[in-house]
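Per the working numbering, the very first residue in the sequence shown carries number 338; after that it's consecutive.
By construction, these hints were calculated from the structure, which means they are not laboratory data.
Bear in mind the structure is a predicted one, so any value in this text is a computation, not a measurement.
Hints may contain errors.
Restraint ranges, calculated between C-beta atoms of paired labels, are given here [to be verified]:
| no. | residue 1 | residue 2 | range |
| --- | --- | --- | --- |
| 1 | P838 | R910 | 15 to 21 angstroms |
| 2 | G447 | Q586 | 19 to 25 angstroms |
| 3 | K471 | R972 | 40 to 46 angstroms |
Yeah, the Cβ is synthetic: ideal placement off N, Cα and C, and Gly gets one too.
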Amino acid sequence: MAASTLPTDYLERVYAGVLGKLIGVYVGRPFEGWTHQRIMEELGPIHYYVHEKVKSPLVVTDDDVSGTFVFLRALEEHGTTPDISAEDIGRTWLNNTVEKKSIFWWGGKGISTEHTAYLNLKNGIKAPSSGSIKTNGRTVAEQIGAQIFIDGWAMVAPGNPSLAAKLAEAAGSVSHDGDAVHAAKLWAAMEAEAFVSKDVDHLLDVGLKFVPAESLITKLVNDIREWAKIDKDWKKTRQRIEDKYGYAQFPGACHVVPNHGLMISALIYAGHDFHHSMHIINTSGWDTDCNSGNVGCLVAIMHGLPAFEEGPDWRGPLADRALISSADGGYSLNNAARITYDLVNLGRKLADEAAIPLPKDGAQFHFALPGSVQGFITSRNGLLPDLVKIEQAIDSRNRPGLAIRLNGLTNSVEPIEVLTQTFTPPDIVEMKKTYELMATPLVSPGQIVTAVLHADSSNNVPVSVSLRLKHYNATDTLSRFDGPSITLCPGQDQILNWTIPDAFDSQPIQQLGIALTCPKGRLKGTVWLDSLSYGGTPRMTLKRPAALQGPLSQAVNFWARSWIHNLSTFHIRFPAISFYLGQDQGEGVFITGTREWVDYKVTVPSFRIGLGGAGLAVRVRGLNRYYALVFKPDRKSVALVMAKDETRTELTCVSYEWKLDESYSVTVCAEGDNITGFIAGKKVAEAQEREWTGGGIGVVVTDGSVAVDQIDISPI
């Protein structure tokens, strides 16, 4: 296998590919599954987003986005190696997939390929057998999923189609087989080669090298290439594909062959132009979000960021935003820039190159990539649309940042908000219910927020800037809360620091950013948000909000959503019990927090087991990766346990008689290599282990139930 030579513009090309994937998915999502004929009748030719026509948010939860970027976590969880196995990628499925809630279309065993493969993995059938034709039959194994999740594996193998095809085969065979895996390999190889070539014929030739010559995928590609030469009209070729390779020719819910055919056609006719490719692939119909996402990614990689220019404004409404639903809740509210750096550093590691650190001392929001606003959107508060505009730009000091252009801001105007999402948005209730969003808050009380600001020297008057967040309240609407403020004079630099107080009654923080006012005069000028970052150990108490006390309270939606779990039961309406957790069979985990939490202490003042066993977990990184102090079901011992995929290793076990229905104060500390457990303030178990250093907190329940009054998190 040839070694990768990273392109000099690797970072920006991956960023383009991520944007192309997101744009493509979100263009096609509102009419997924429609035929070409229905699209033409009800929507007409597709040239731009149509979500408003079907009364849906633009950025929604979708399996195409979640699966693409979640399964790459296998390279972190099992080693960043070109020899990553299907078996290990299958383990990453189990660690990150919340059954019947996250990532997939849970359409039923033998109907949904991913649902079927997940159940196989859960029941001990390891990959690649979990996705094989032998196990599941040809119809299930040859649906579309292997192809739709494949883009990330190509983006970590730039210019190396053989590596991309190898990774695609390992990843695709977790759930698929036969022509589905052939299609995934071909597309991944083409995307990898797109980093170094813009010649569509060359890309197709390269992709076909990794597909058996006698396969149906090879025949399909060859047919379409010949038809395109004759037809010179994508609509004629589309009809040929429908006639010979259409849905009527293949069983199952969403077969790979018809959709792959449309993708090949769109690439041949419009590989030179991102805008035209979006028009063709989306107007062609069938599995539009999947097909459009794959085509969008490949064409954007091929042409880089200029692909989005000289046409519709795809990037503005998107604002870099992405939703990724999985058990890793701290990765759910995401943006294209963050995803890009993660992919690039995986690719660099595979190529034996050093990682690129995040710009601006690791700030989460650095605005370093061209055009990147990282989810920040401005609130105009009903004012004229030309009052404020935000964009990524380079300032007079040659530094990239978020430029906030103000045109006539006065003290009689409500503050202009420039915020980004840090938790599940309110419009989640407007999304179609096919795909749930599993998420935990990115920012928590006790953490420190830092904003680096600059006022353009051309500003005519000073501007006042404050840190602002918005959090959910008892009515499931958002309340604003302001931190410190400063006055920026023209040409001045300032830094705002804020330790977020624990003042929101356990409700999650949904947005974070700044608010701007003009204390005197009428401001025409620019304020630069150079960077915004957050970090440190949370200091907070998590419990049922006071406003929700009482069994009849209905306003529980977003507070309850701040926890990810695979439990049988999560009750929140019992008096004096914030979390009543039950697991009918086996192990369940109840999680909040992010991978960025490193050293901390977590305490539950009243931990009462009703049946079975339970524990308090730290450094939780999915459903199957955590450390926990566990009360063992024998009721004679407690143990510090490390969960790593299918294994549960007792790091230490001590005699400790405990009783059902009795409350215990439980504390677990994670600091460096040390994991320490306390009961009633007394150290009972200690172990040294550092398989991973960061992660959220949780409660583990096995074959029973546990009642928890509150959870306190603080620095050690």
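Handout entry: Unmet hints by their number, sorted upward, for this structure
Key = Violated: hint 1 alone.
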